[in-house]
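**Student:** For the record, the sequence lines run as chains A and B.
Numbering-wise (my numbering), the first sequence opens with residue 1 and increments by one.
Numbering-wise (my numbering), the second sequence opens with residue 1 and increments by one.
Just so you know, the hints here were simulated from the structure itself, not pulled from any lab data.
No experiment lies behind these values; they were computed from the predicted model shown.
A couple of the hints might just be wrong.
As the list claims (entries may be wrong) - Computed cross-link-like contacts, DSSO-like style, restricted to lysine-lysine with a CA-CA straight-line distance of at most 30 Å: (1) A/K25 / A/K69; (2) A/K185 / B/K202; (3) A/K111 / B/K202.
Claimed, not checked - The following residues of chain B were derived to be distant from chain A, with all beta-carbon distances above 12 Å: (4) S83; (5) D199; (6) K205.
Glycine residues also receive a C-beta, built at the ideal position from the N, C-alpha and C atoms.
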Amino acid sequence: MISLRDVSLQLGNKRVLDRVSLDVKRGEFVYIVGQSGAGKSTLLKLLYMDILPDSGDVRVGEYSSRSIKPRDIPYLRRNLGIVFQEFRLFEDRTVYENVAFVLEVTDTRPKEIPKKVSDALSEVGLSQKRNELPQALSGGEQQRVSIARALVREPYVLLADEPTGNLDPHVSIEIMRLLRKINLKGITVVMVTHDYSLVQQVPARTLRVENGKISEVSELSLKSL
Amino acid sequence: MNAAYILKESFSGFQRAKLSSAISVATIAVSLVLLGAFITVTLSAARVLEQIRSRVEVEFFLSDALSKQASENLLRKIKDDPSVASATYISKEAAAKIFQKEFGEKIEEILGTNPLPQSIKASLKPDYATLDSLEQFVRDISDYEGVVEARYNKEFLVNLDSNARLLFSITAGLGVMISLASIALVSNTIRLAIYAKRDIIKTMKLVGATFGFIQLPFLIEGILQGLAGGAIAAALMFALMALLRNSYGDIYDALELPTLLLYGLLLALGCLLGFFGSFFSARRFINQ
């Protein structure tokens, strides 16, 4: 599903990744942890090919960083759902419009849009809030809208960059449960976080980015973090 | 491609960013009014120049020995020349009458004879009323038998040519400057308007919208803004002309009045400015 082979990336003077290899199987739930500035978010950017590696190969589904053309990148991203810490919702559009936006700009037949949006909103438990503007929602609800937006195209991978970073602990747990529920439906989830307590509460395969390398974190060592 | 969405987004761009859309439209309108006024003044100056050139004349004096038949043949040849607007034959008798009209005395009474030669006076078409064309024309006609002398105001033509060149250089320079300033101004204003929508562009890229799809609503919005700016500019030009007609009649009479073509040109230029301003600005953000 996702694989990195001998991937190296230099940004400015910093060696962000140094000959890194990694495999994520279909349906896995993977945490990416590490210090601020370690390169966690950069790793996600490599997966949605916002940046390409200096050397090595990043593969996501059928797309390879070695052969992908700029015009193919939008089609790769249609198979991914991306969630950010700061939600990135359009403040002047309703919840429904925010979610429908993804379908409107990616060649979905207009007739199919209302049902798909309703299903996605129902999935995240926000059917009742469809006509609200984002500022009328709590932080947790806004993040659920952004998750609905990421899910509405039925992606096979969900990339989440610090999705609980702006949320209270109890709301963070709610979001984690939601992500787990989504994962149980077969969607691969790759989540960047620096919140170790969250990882301990909802354990899953954990990878640590440190000094340009990626290493597996065992359940035992996770407890000591 | 979701055409309904693209059209909806293009029109709702006005609604969502009222201020920046209004500034873009106003900038396009002001630029086009400047350009329209410049075109009007330039065309008026060109018309004045053409009127002056249409007064350029050359007179060929003919030998007394040239028969009337030969003179008429020569007149026909001169009239057939592509540079000639009109030509008249002046006989010795007609020349004497002109003398009498201008000086109040008969030349035969002063000198006892009429020394004035028969002649042909030719007016040139404005396009040929330049020193080079005129000199070539004079050389051609002077080759005919019986043509003794050609007279024209060379100094006037030299000044006219030099002033026309100066006018052309100034207007061309000003035209280029106004056009470039308009393009820069409109492009920057639209860039600011699109900058305000960078989040939408970013999100569209992340969710898998193609570059063409992201750009299209901005292009349509740009064309609509350009059309609105062009329409306002045309209305302002019309109002300006009405003001001149009512308050400054002399200036109004001297102007080459804007035609429907100019108003159409303002609309078309508005669309082009809006289109290219949006094209380059949106592409810059999309490619980031």
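**Student:** Work down the list of hints and note, for each, if the structure agrees.
**Tutor:** Hints and how they fare:
As the CA atoms of A/K25 and A/K69 are separated by approximately 25 Å, the hinted pair is consistent with the 30 Å bound. Proximity of A/K185 to B/K202 is assessed by CA-CA distance (about 28 Å); at most 30 Å being required, the pair is judged to hold. Pair hint A/K111 plus B/K202 holds up; C-alpha atoms about 26 Å apart against a cutoff of 30 Å. B/S83, annotated as away from the interface, keeps every beta carbon of chain A farther than 12 Å; the closest lies near 59 Å.
Under the 12 Å C-beta cut-off, the non-interface status given to B/D199 relative to chain A is violated; the minimum distance is some 7 Å. With a least beta-carbon separation of about 7 Å from chain A, B/K205 fails to lie farther than 12 Å from that chain, contradicting its non-interface assignment.
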